[in-house]
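A.B. asks: Chains as they are written, first to last, in our numbering: chain A, 1 to 288; chain B, 1001 to 1158.
One thing to keep in mind: the hints can contain errors.
To be verified - Here are some chain B residues pointing at chain A (derived, C-beta under 10 angstroms):
{"#": "1", "residue": "E1022"}
{"#": "2", "residue": "M1064"}
{"#": "3", "residue": "L1065"}
What the hints assert, rightly or not - Reference listing, derived: stretches of chain A covered by chain B, where coverage requires no fewer than 3 residues with Cβ under 8 angstroms from a Cβ of chain B:
{"#": "4", "segment": "25–39"}
{"#": "5", "segment": "45–55"}
{"#": "6", "segment": "91–104"}
{"#": "7", "segment": "185–191"}
To be verified - Derived Cβ-Cβ restraints for the label pairs, each shown as a range:
{"#": "8", "chain 1": "B", "residue 1": "D1013", "chain 2": "A", "residue 2": "A53", "range": "26 to 36 angstroms"}
{"#": "9", "chain 1": "B", "residue 1": "T1125", "chain 2": "A", "residue 2": "G63", "range": "28 to 38 angstroms"}
{"#": "10", "chain 1": "A", "residue 1": "V142", "chain 2": "B", "residue 2": "E1157", "range": "49 to 59 angstroms"}
{"#": "11", "chain 1": "B", "residue 1": "A1081", "chain 2": "A", "residue 2": "K252", "range": "53 to 63 angstroms"}
{"#": "12", "chain 1": "A", "residue 1": "N77", "chain 2": "B", "residue 2": "D1121", "range": "11 to 21 angstroms"}
{"#": "13", "chain 1": "B", "residue 1": "T1044", "chain 2": "A", "residue 2": "L22", "range": "12 to 22 angstroms"}
For the record, the hints were derived by calculation from the structure and aren't laboratory data. Note that beta-carbon positions come from the ideal geometry of N, C-alpha and C, so glycine has one too.
Each chain is listed here by its residues.
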Amino acid sequence: MRYAAPSTVNDAVGILAAEEGLSRILAGGTDVLVQLRTGLVEPDLVVDIKRIAEMTTITEADGGYLIGAAVPGAVVNEHAGVKAKWPGVVEALDLIGSTQVQGRATLAGNLCNGSPAADSVPAMIAANATALIAGPHGTREVAVADIPVSPGKIALKHGELITAIRLPAKAERSSDAYLRFIPRTEMDIAVVSAGVSLTLDTDGTCTEARVALGAVAPTVLLVADASAALVGSKLDDAALDALAAACSAACKPIDDKRGTIEFRTRVSGVLARRATKIAAKRALGDVS
Amino acid sequence: MSQIHVSTTINDDAVEFLCDPEDTLLDVLRDELGLTGSKEGCSTGDCGACSVTVGGRLVCSCLMLGAEADGQEIGTIEGVANGEGLHPLQQRFIDGAALQCGICTPGILVAAKALLDRNPDPTETEVRYWLAGNLCRCTGYDKIIRAVMETARDMKEA
Chain A
1 MRYAAPSTVN
11 DAVGILAAEE
21 GLSRILAGGT
31 DVLVQLRTGL
41 VEPDLVVDIK
51 RIAEMTTITE
61 ADGGYLIGAA
71 VPGAVVNEHA
81 GVKAKWPGVV
91 EALDLIGSTQ
101 VQGRATLAGN
111 LCNGSPAADS
121 VPAMIAANAT
131 ALIAGPHGTR
141 EVAVADIPVS
151 PGKIALKHGE
161 LITAIRLPAK
171 AERSSDAYLR
181 FIPRTEMDIA
191 VVSAGVSLTL
201 DTDGTCTEAR
211 VALGAVAPTV
221 LLVADASAAL
231 VGSKLDDAAL
241 DALAAACSAA
251 CKPIDDKRGT
261 IEFRTRVSGV
271 LARRATKIAA
281 KRALGDVS
Chain B
1001 MSQIHVSTTI
1011 NDDAVEFLCD
1021 PEDTLLDVLR
1031 DELGLTGSKE
1041 GCSTGDCGAC
1051 SVTVGGRLVC
1061 SCLMLGAEAD
1071 GQEIGTIEGV
1081 ANGEGLHPLQ
1091 QRFIDGAALQ
1101 CGICTPGILV
1111 AAKALLDRNP
1121 DPTETEVRYW
1131 LAGNLCRCTG
1141 YDKIIRAVME
1151 TARDMKEA
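Please model the complete structure; the sequences and the hints are all you need to start from.
C.D. replies: Here it is, written out as structure tokens:
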């Protein structure tokens, strides 16, 4: 295995594009190193992106934020601006692993590892986040929702890497929230999760909503029927019931040691309902 | 396969070493540098027995390649005491029997010190959640948490 630590995006792209064998990007390493040690992946080349200045910073951009691909969760969690604008994304990222894992794990890495149960992905998708990608043919920007293809597979081409995640600007009276179910208190993989982002009108009517479910399908589900249940309503019980039903209907989970199909299906609706209430409280300015 | 030359700072000392690309920082600390205080409990980043600080941040050294340490400031359990003088946390762990076999203890001390360095007055909940990545099979955690809380109280009053 070879190790490279380029200091510019162009150098990184060049190294990746020239590699004929298997390569892996090394940001936080909290997934890659585990896979290396267990032999799950045997890369010929590991490219450490942490020496690339723009990958390690958070910058304001067009009312939102660009979070460099190598920025660890602990740093995001200390950024007052990102936390204020996108508390759901931050709390989702913050749930990953332990304090030690938070010292290294990144949004981009969580996305690119391609786990159906990745915590930050439903929140990013609910937030309509995008991924800035650099490659041999230039740069492109892709919805985070379009990055996961199937478990462990992502839609990046040979030589490409994500340089930053963009969290967009937010309308007034908007906010988001993320909840997951795990059997323990910490350090577990989501059995089922829900990320909700919404906008309320001055009279409390929901004008926009995005509802994303994690760990209940090969990739995160963005449930259009769930949005439809909320939009135009004042988030009354009938709307929330419809939301929960839409989530349960959309689930395509598996039975495994962490949870049954029945459990995940039901709890997806429960979590979506709770996350909606939290997001609505936050949207109205209550940050408790 | 050529080795990688790494220049780093460990417990305020300049250190240089050679390592293979796939060596973890934990491998290097224990096998190259003789700093065997950090333990390998799981090698998957779940148990925290390998905890060190990098640039002041608490991390699992089993989740880092040795090569990634280049130019970084590393803090290990060996740097927690001040020469022969134990850190208040270490003294309190002894006095409060907050260890039995001791295998988790280096990681717990590094983690607890990292907490108190940034939050000198944590609540019990904050201590428990901060230490969620440090597993102990012996003590049941109660005496560990008490020791950390009491050290925080003592250090505040000092």
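A.B. asks: All hints are to be evaluated individually against the structure, with a verdict given for each.
C.D. replies: Evaluated hints:
no.: 1; hint: E1022; verdict: holds, 5 angstroms
no.: 2; hint: M1064; verdict: holds, 6 angstroms
no.: 3; hint: L1065; verdict: holds, 7 angstroms
no.: 4; hint: 25–39; verdict: holds (count 9)
no.: 5; hint: 45–55; verdict: holds (count 3)
no.: 6; hint: 91–104; verdict: holds (count 7)
no.: 7; hint: 185–191; verdict: holds (count 3)
no.: 8; hint: D1013(B) x A53(A): 26 to 36 angstroms; verdict: holds, 28 angstroms
no.: 9; hint: T1125(B) x G63(A): 28 to 38 angstroms; verdict: holds, 35 angstroms
no.: 10; hint: V142(A) x E1157(B): 49 to 59 angstroms; verdict: holds, 55 angstroms
no.: 11; hint: A1081(B) x K252(A): 53 to 63 angstroms; verdict: holds, 54 angstroms
no.: 12; hint: N77(A) x D1121(B): 11 to 21 angstroms; verdict: holds, 19 angstroms
no.: 13; hint: T1044(B) x L22(A): 12 to 22 angstroms; verdict: holds, 21 angstroms
Checked against the numbered hints above, the structure breaks none of them.
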